[in-house]
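**Q** Okay, here's what each chain looks like letter by letter:
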Amino acid sequence: MSQAEEWQAWAKRYDIDGGVRTFESGLTVKVVLGALFIGLLMMPGSIYLQLVSGESGGGAAPWVAVILFTELARRSFTTVKRQELYILLGLAGAAVSAGGQYAGYIWEAFFIQTPQAESFEIADKIPFWVVPPRDSIALAQRSLLHPDWAWPIGIMLLNQLLGKLRYIGAGYFLFRLTADLERLPFPMAPVQAQGATALAETTGKTETWRWRVFSLGSMAGLFWGALYIGVPALTGVMMSQPIQILPIPVIDFTQSIEGFAPTGVFALTTNFVGVLHGFVMPFPVIVSQFFAAIFTQFFFNPTLYRLEILHSWHEGLDMRATGIANALDFWISFGLGKSFTFAFMGLAVAVPMLINHQRSGQKAAGERGSLQTPPGRGDFPIWLAISMWAIGMGAYVYLVHWMIPNFPIAFLLGFAFFYTPLHSYINARTFGILSRPLFDIPFIQQGVIILSRYEEIDVWFVHLPNEDYGSGTQHWRVLELTGTRFTSDIAANLITWPVLLVTGILVWHFIWKLAPIPSSQYPFVQYHWPINATNRCLWVTAMRDGNSQMLQAIRGTYVAAGFGMSLGIYGILHCILGYPSMWFYGIVAGIGSDPGMLLPTFVGAIIGRYYMIKRFGLKRWFMFNPVLAAGFSCGTGLVGMATVAIALVSKAVIVKPF
Amino acid sequence: MLRWIAHTLIAIGTVGWVIVIFFMGGDPNKQMLAAGLMTLGIVLHHLWDEVYRDKGA
Chain W
198 MSQAEEWQAW
208 AKRYDIDGGV
218 RTFESGLTVK
228 VVLGALFIGL
238 LMMPGSIYLQ
248 LVSGESGGGA
258 APWVAVILFT
268 ELARRSFTTV
278 KRQELYILLG
288 LAGAAVSAGG
298 QYAGYIWEAF
308 FIQTPQAESF
318 EIADKIPFWV
328 VPPRDSIALA
338 QRSLLHPDWA
348 WPIGIMLLNQ
358 LLGKLRYIGA
368 GYFLFRLTAD
378 LERLPFPMAP
388 VQAQGATALA
398 ETTGKTETWR
408 WRVFSLGSMA
418 GLFWGALYIG
428 VPALTGVMMS
438 QPIQILPIPV
448 IDFTQSIEGF
458 APTGVFALTT
468 NFVGVLHGFV
478 MPFPVIVSQF
488 FAAIFTQFFF
498 NPTLYRLEIL
508 HSWHEGLDMR
518 ATGIANALDF
528 WISFGLGKSF
538 TFAFMGLAVA
548 VPMLINHQRS
558 GQKAAGERGS
568 LQTPPGRGDF
578 PIWLAISMWA
588 IGMGAYVYLV
598 HWMIPNFPIA
608 FLLGFAFFYT
618 PLHSYINART
628 FGILSRPLFD
638 IPFIQQGVII
648 LSRYEEIDVW
658 FVHLPNEDYG
668 SGTQHWRVLE
678 LTGTRFTSDI
688 AANLITWPVL
698 LVTGILVWHF
708 IWKLAPIPSS
718 QYPFVQYHWP
728 INATNRCLWV
738 TAMRDGNSQM
748 LQAIRGTYVA
758 AGFGMSLGIY
768 GILHCILGYP
778 SMWFYGIVAG
788 IGSDPGMLLP
798 TFVGAIIGRY
808 YMIKRFGLKR
818 WFMFNPVLAA
828 GFSCGTGLVG
838 MATVAIALVS
848 KAVIVKPF
Chain E
-1 MLRWIAHTLI
9 AIGTVGWVIV
19 IFFMGGDPNK
29 QMLAAGLMTL
39 GIVLHHLWDE
49 VYRDKGA
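Protein chains in written order, with the working numbering: chain W, 198 to 855; chain E, -1 to 55.
Everything labelled a hint here was simulated from the structure, so no lab data went into it.
Quick reminder that beta carbons are idealized off the backbone N, C-alpha and C, glycines included.
The reader is advised that the hints may include incorrect statements.
As the list claims (entries may be wrong) - Residues from chain E that face chain W, not an exhaustive set, calculated with beta carbons under 7 angstroms:
1) His5
2) Pro26
3) Gln29
4) Ala32
5) Gly34
6) Met36
7) Leu38
8) His43
9) Leu45
10) Glu48
11) Val49
Unchecked claim - If you want the ones that stay clear, here's a sample from chain W, every Cβ over 12 angstroms from chain E, calculated:
12) Thr225
13) Ala464
14) Thr538
Could you build all of it, start to finish, from the sequences and the hints given here?
**A** Have a look at this one:
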């Protein structure tokens, strides 16, 4: 079995519906209003959840929107088209996550005031187009509605406008190349299409199994959400320190294992939603990943410690400090080499596939090789798509050049017009065949900055024109499968965009006013943001003085070791012994990971494999579990949103002392 | 034949890499030489897998 056949065999387990070839608009006034209403209602809760637990609940919100929509339709004795539901899913998701576009500003406002930024002497060098200066009244008052934010937010708006041109133009062009011209199958696209189809069915006369499975998942999610999110959120209203039945986000056992596994990290995540992921994910990946992580932390790390390769660690360090020490000593370098293998695998698999598809395409002339479009799909000319991308990208390069005028423009042009198209095309094809991106060069932006010998820190605060449109190609295929006219999807997004921009900033402003971020009210960011700030300082100062900790951390021997070891495992395991490549991906992903983070997923995989499949049968279980997972995230999101709403309202009330 | 060449290159590269790690202090240049052999072997394996597998090459 070839690798493409192996992956597609897995994908087919989820593929139970065929496509349709009649197209209708999914854009109606009721859909836009419904999506905005639900989305904006949930956006504050989503932001709050993200800060408290690291889970946005964004996955639940679109489902809630669709369920409410279908219930309204049923009670009105009318039906809903699947096109409407798919547009509604997309719009509600966009509305809930619209706050995310401002999250970066809160992070930058925190970062510029951190002791880390101060001690690394970068706080006063952060450009004005990133965040207002430290002494700005906007930061002191925790206000986003202040003129000092005009430059950062103005640049974000311009970038979003250019980004829409780039992503629509390039995404559509790649879809035409891969889906129309090459007729690649996009095997996982029917799964997404099925969600809208399943719920559209409920407005009909018969109710299907999907509704029962979804409800079961929702009830489990409600219970878990009450325990994990509800209790801390509600007690946080009444007490200075919220009660956490389970510590968020981890229970750290690192100091408990240091006696027999020095430098080993073991922190058990308390977010057991991973069990549901274990149900859905392929079994070999989860199992091999988990055992590779155990091997790393309990055998490999202690061995490296005895060889004095891990030399910075000392007794008494917790998970975070141990992780940073190990990363600087070894794992950053080794991880780089390991990740380069993934990039190489993408090319090694994609190029022979391209050759193979070209050959079989010659045999099947008539179907493949044609750029004819089905009537009513809402297509637009390819030259227009290419022009949109070229204008959007050209203007973006100009904008970045204006922001960092001394950075060599050749690198910007190389990213924009060579790396991005190559990266996107390969990923569009691998999505078309395997439904996953395979081509990614990790740390490429950091690597290019170091290679350019550019020493100013402003370059670390700008997003270089390094983009991937290939992963979004599948969306166009899902539109096609649900019979949704392309132009209706584009129009729906453009109509809601200005509304979401305004509401996003208002909601973030309000939440920031409630309490400092991070603070004890927001345990997830309080735990993670200080570590992120330290890591960022290490990268930002990588070129300064030529002896930064980050540069010293990257050692050729360990990079080569990571690369060589991963290649060897792949070559022996998959190429010579013929094991499915999933075992390789699991092993390499698991090496260096913390097994405590993977334990819930592993438990889910074991339950799924050894109980659920026997109980329900393989085919039914693979039909059930995506719907079950969607129901669970919906239930968790619902209880999260409800408790967060109570917390927000109570904090908004000012108690007078008289 | 192509498959045999691919697997031989992978095997030689892997053994070479292990020798470099354990007996030559992990010299990065020698490691990359071994990785180059493995890389070539893997590319040839996928070429055989996708294009020539059905033809028995």
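**Q** Okay, which hints does this one fail, numbers in order?
**A** 5, 7, 14
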